[in-house]
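Novice: Assemble the whole structure, with the sequences as input and the hints as a guide.
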Amino acid sequence: MGPAKSRSKQAPLFLSPEGNLRVSAQRWAWQLSSPWTITAGSLALIVSIPMLVILANLFSSPGENWEHIRQHTLPGYLKNTAILLTVAGLLSLAIGVPSAWLVSSFNFPGRSIFSWALILPLALPTYVAAYAYGDILQSLIPLQIWVRSNWGVEAFLHAEAVMRYGIVSLILASVLYPYVYLASKAAFCYQASSSIEVSRTLGRGMTATFFRVALPMARPAIVAGLALVMMEIINDYGAVSFFGIPTLTVGIFRTWLAVGDTGAAVRLSAGAMLFILILLIGERMQRGKKGFFASGLKTHHTPQRKQLGRSTGMIAACLCLLPVTTGFLIPGWRLARWTLQTYQKTLTPKFWQLLESTLAIAATGTLTVLLGAVLLSYARRVSTSRFLAPLVHSATLGYAVPGAVIAIGILLPLGWLDKGPVSSLQRLSGSEPSLLFSGSLVALGLAYLVRFLAVAYHPLKSGMERVCTNLDSASRLLGRGPLGTLLRINLPLLRGPLLAAAILVFVDVLKELPLTLVLRPFNFETLSTKAFSLASEGRLAECAVPSLLIVLAGIIGLVPLNRLMEGWKTQ
Amino acid sequence: MTMIIISRFKPITLLIFILCSFGLRADAETDKRKLETEGEVNLYTHRHYEADEALFARFTEKTGIKVNVVKANADELIERLKSEGEASPADLLVTADAGRLVRAQEAGLLQAVKSEKLEDCVPAQLREPDGYWFGLTLRARIFAYAKARVNPASLSTYEALAQPVWKGRILARSSSNIYNQSLLASIIAQSSEEQAVAWARAVRSNMARPPQGSDRDQMRAVAAGLADVAIVNTYYLGILATSSDPADRKSAEKIGVFFPNQGGRGAHINISGAGVTRHAKNTENAITLLEFLVESEQQSEFARANFEYPVNPEGQRSPLLKKWGAFKADTLNLSELGKYNQAAVKAFDLAGWE
Amino acid sequence: MSSLRIQSLTKRFTGDPKFPAVNGVSLDIPEGHAMAIVGESGSGKTTLLRMIAGLEIPDGGEIHIGSKLASSVTHVIAPEQRGVGLVFQDGALFPHLTAAKNIGYGLKSMRRKQRAAKVEEMLELVGLSGYGGRYPREVSGGEAQRVALARALAPEPGILLLDEPFSNLDTTLRKQLRDDVKLILKNTGTTSLFVTHDTEDALAIADEIAVMRKGELLQVGEPAALYRNPCDAYCANLFGPANRLPESFMRGIASPPAPGQMGDGWLWTRPEELEVLQASGADAIQVEVTEVRYLGERQELKAVPSNLEGQGATLSSLTLYWEGREEVRPGQRLWIKPRYLH
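Residue numbers (the numbering used here), protein chains in the order written: chain V, 1 to 571; chain C, 1001 to 1354; chain B, 2001 to 2342.
Take the hints with a grain of salt, since some may be wrong.
Calculated cross-link-like contacts (lysine-lysine; reagent style DSS-like; alpha-carbon spacing at most 25 Å) [claimed, not checked]: (1) C:LYS1328 <-> V:LYS350; (2) V:LYS419 <-> C:LYS1250; (3) C:LYS1250 <-> V:LYS345; (4) C:LYS1147 <-> C:LYS1323; (5) B:LYS2214 <-> B:LYS2018; (6) C:LYS1281 <-> C:LYS1114; (7) C:LYS1250 <-> C:LYS1328; (8) V:LYS419 <-> C:LYS1281; (9) B:LYS2018 <-> B:LYS2068; (10) V:LYS350 <-> C:LYS1066; (11) B:LYS2118 <-> B:LYS2182; (12) C:LYS1147 <-> C:LYS1281; (13) C:LYS1339 <-> C:LYS1114; (14) B:LYS2302 <-> B:LYS2337; (15) C:LYS1167 <-> C:LYS1147.
Stretch by stretch, here's where chain B covers chain V in the computed footprint (C-beta under 8 Å, at least three residues) [said to hold, decoys possible]: (16) 46–56; (17) 368–375.
Quick caveat, the hints were computed from the structure, so don't treat them as lab data. C-beta atoms are modelled at their ideal positions from N, C-alpha and C, and glycine is treated no differently.
Specialist: Next up, the structure:
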């Protein structure tokens, strides 16, 4: 009670005749000074710094390398990125949406298993999938030789050049489609369920209902899932570099590492960010002003699933089995076989320590990212300021920026802090200059925040949009402040999206490679860095154990997500 | 008044908590380290071989100096060194390529050290004249050919792979790989950029498939019959031959080794090496470690575990390397690889070698 | 309980700056009174309510709750500090909390025992004893609204705001709940402001009614005054059929015009204020029946005056009630004259 009273006493009443301007200026200041706006704004700003550092480099004059890149390699980078985005994007739609529709609207053999098995590929990092598929494709060499001997070298080489895109797109789509699957399944089950039933009572068959009601209603969710897939594609380095497709991200690494031109690499990164920006704006525009609100009371609605006949049921089961096979079973089987060959060599006590520290860092990272996302999404809900939205948007762009670039963007300002203010302080206190931020876990935590904020922010925000604002108002009127309302109303109601966000971030941190590689402190090793060093030694068989563990940990993380979704239905 | 501020800015406590959650862990981490600073040396290393860890353990056992390691790509480590400046904790930068050491030296990140032992053990060609960096191990980029289909007599030089005879018979990995870049840099150093572009273009058009996968994958494809010759590093063949995967070992049996350009400048070699950083806090320890690593005993160990050639002529080669026989190495000063690296990357771009 | 005083409250939304959603509204509700604001959707009544609650920030004007300044141009008190209760159209019960926890939500300063007792008391007040353990999804719409009412009343707010609380309910339930709410409000002596588009609800519950249209208050008064003396066509038609007749014709029978009423020689009268005759009489005028609707105890007629000289052109169709037993047919001629009510 204290603050309000004292504030009302302190606030002077400016009722001067020329008041309008002054009043509006005051109102503006009031909006900006709202604690949620300030806090969320500063967090968004901190998280945006790496991106700002990169963008600031855009204004430095381009070096001679840039001219070379622009003329000779940039068109290829753009073309390859666009091809992969289109093909793999369409493929993941083609896999994710129908499987979600089957699982949420029909009963067929194995439905409840597929319902969660379809998420499994999410546990597989693209680079691990690429290693596994790269090895499996070796066994197709006899086929390639046959093609070459029958159709000639030229035809074979042309086919190979095209095939590469197909293979990489298939691998990417096979492990990334669960983003689309999860989003559309949630939409079919909860958001659109009443409308789907209405359509069916109006005499529309399942097919017509799908195209005329379910698909249009789930479109925002599907596109949001697709946007995530596309960001991952733009960001992927492991798979595309393994198969020799130079995309923008490969170009960034090549320019930064091989050419050694940070400026030009940053320009390319800005290009990648532009791609993402277009994606995000497109996603926003398609959502339009359509509100997909459901009242807080109606979220627990169970859609009735249609029983499929024997043969159609088998077809449905096969359709669901296909993506599970390509996205999980095949690479998983390859890893498992390698593991059997090497586990005795690799499973030492040291290895369990590695597992423990990996889980600890992933858990801490998840907590940090989650807190940040809750703060930002809730501030967007309560703040009236117009300045917050663009700030938050820029803060969530980090998901689109390749990890290595974020690393540059973090190293530069932290290094500046360490060299400037911190070392001056240290000199004043008479101690030798040492690093406070660089190479510490703080830097790594910040990096995860930058990189994965969007992963947690988007489900939380759309979750919050589904919570009726009247509930917030009711809580406020019953005497709880915004923080109390967040803790007592929004968070409990957002258990689902919170858990979903936590799992997505957890799995992502587990898989994360380039940031951890560059920013980690001394003697710090995670499963992914271990897998990477083994793979770059060419010891793919040994690399299978840590890779498989990343996958297993990812699966463990996926379990609560699915149970939760089942729980919603039965409640 | 403070009460007002605190309760008005409740959400800020949330923000502070977010930022602190990692700080707490970080503090615990650094405390742990400080307890053990009796004697230590901090490495930034690109080498991620398990064999190295065993060597470091032996070093600690012998000298009592603890070895702390950050492993990452050399270029990222160089960026990290740059941003950390004089406060950097790193004492030694270890890379798997001479070009990167040259780059670090040019960026002013290394310092010259004098050590008779290092100068005795490492041949002059494999170290920086002023002592900015020293080679630790040696590897050659060679031809791995299919024993069943290729007569070694038909193989000669890197340049010869550009001939149309090899149409659809060659394999090599992507040009993003540092070993390919260094190979092309050595060709530029021998001839000119134009000729290097022409060579890369011709070899690219002779390839049996677009560049993809690792050196190991090239060899497996050769063994499976997709192509006849692959350009690979020596130690990858060693790894393949001793792999845990039986399929790998079978592939390795079908592969022969050919050291190119033996009649001319010699086979292209590269080193992995190390330099003491400019702002090293444990310079003496760093030099001690370097000296330890170039001793013949450790050199033999390097060679045995990772199938690399020792830089110290007294180091023992592993049995497999002995089987491949002695070869003539290119005498080009390795600093040149760093000098022409950028040009090599651009040449690959122009040649269309992805 | 507090009084509520609103002074020239204004709110513009960015989409339409020319037409404010709420335009200079002033209103006074004395302590313990029940006020209803009636208006069609888009009239700004909900915006007004939300501004009083603190959920919207006004662009101009002041809100006083009791002696406290809740909102002015330069400072705004947060909703949680206003002491205002609000019952939402959809109840807005917290779905993850039981009815008891919903009701206890606003009692944060109470000890556990005290709170439990208060919750029990509130449940009893709204007639839901024993429902405390149920979740919102386990109660009916009417019960949900009762819980919502109990929840809003539990912290004993200075003012209770109700936003169309009955509109989601069916007719029988609605009437019963309406009567109960009125009783509860009277018994607890709560100052309340009630927003609705349904005049029947307003007439049943409110001590005073305010009619709102396009962001402005048209008329404020007791239900009877609004019914008898509407200020214009809009207010008149809002509460049922109304006839516009020359003042000269009606002189002496209808209650005297309120200040600011038409004063242009016309008056609004309700059908029951006109006597319908089968034969001509003193002061009667002739009308021709155009439509007949059977309403049970009486018949509703639409009729056009046939010879109201000089004024017929501006007279529109009239609504009349016929209570006689004789059957009336369209085309039939009848006479009307003012009924002497007072």
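Novice: Now, for every hint given, state plainly whether the structure supports it.
Specialist: Going through the hints against the structure:
For a cut-off of 25 Å, the pair hint linking LYS1328 (chain C) to LYS350 (chain V) is broken: about 42 Å separates their Cα positions. Distance check on the hinted pair: LYS419 (chain V) and LYS1250 (chain C) sit about 54 Å apart at the alpha-carbon level, beyond 25 Å; violated. The suggested pairing of LYS1250 (chain C) with LYS345 (chain V) holds, with an alpha-carbon distance near 21 Å, which does not exceed 25 Å. For a cut-off of 25 Å, the pair hint linking LYS1147 (chain C) to LYS1323 (chain C) stands: about 15 Å separates their Cα positions.
Restraint check for LYS2214 (chain B) and LYS2018 (chain B): the C-alpha separation of about 12 Å stays at or below 25 Å, so the hint holds. Between LYS1281 (chain C) and LYS1114 (chain C) the CA atoms are separated by roughly 17 Å; this keeps the pair inside 25 Å, and the hint holds. A hinted pair counts as satisfied when its Cα atoms are at most 25 Å apart, and LYS1250 (chain C) with LYS1328 (chain C) does not qualify at roughly 29 Å. Pair hint LYS419 (chain V) plus LYS1281 (chain C) holds up; C-alpha atoms about 16 Å apart against a cutoff of 25 Å.
A threshold of 25 Å between alpha carbons decides the hint, and for LYS2018 (chain B) with LYS2068 (chain B) the separation of about 31 Å lies outside it, so the pair is violated. In summary, the hint linking LYS350 (chain V) to LYS1066 (chain C) is supported, as the alpha carbons are separated by about 18 Å, within the 25 Å threshold. At most 25 Å may separate the alpha-carbon atoms for a hinted pair to count; LYS2118 (chain B) and LYS2182 (chain B) meet this at roughly 21 Å. At roughly 52 Å between alpha-carbon atoms, LYS1147 (chain C) and LYS1281 (chain C) are farther apart than 25 Å, so this suggested pair is violated.
Using a Cα cut-off of 25 Å, the hinted pair LYS1339 (chain C) and LYS1114 (chain C) holds, with the two alpha carbons roughly 24 Å apart. With a C-alpha separation of about 15 Å, the suggested pairing of LYS2302 (chain B) with LYS2337 (chain B) holds against the 25 Å cut-off. A hinted pair counts as satisfied when its Cα atoms are at most 25 Å apart, and LYS1167 (chain C) with LYS1147 (chain C) qualifies at roughly 18 Å. Counting residues of the region 46–56 of chain V whose beta-carbon sits less than 8 Å from any beta-carbon of chain B gives 0, not enough to reach three: the coverage restraint is violated.
Counting residues of the region 368–375 of chain V whose CB lies closer than 8 Å to any CB of chain B gives 0, which falls below the minimum of 3, so the coverage claim is violated.
The structure shown violates the earlier hints numbered 1, 2, 7, 9, 12, 16 and 17.
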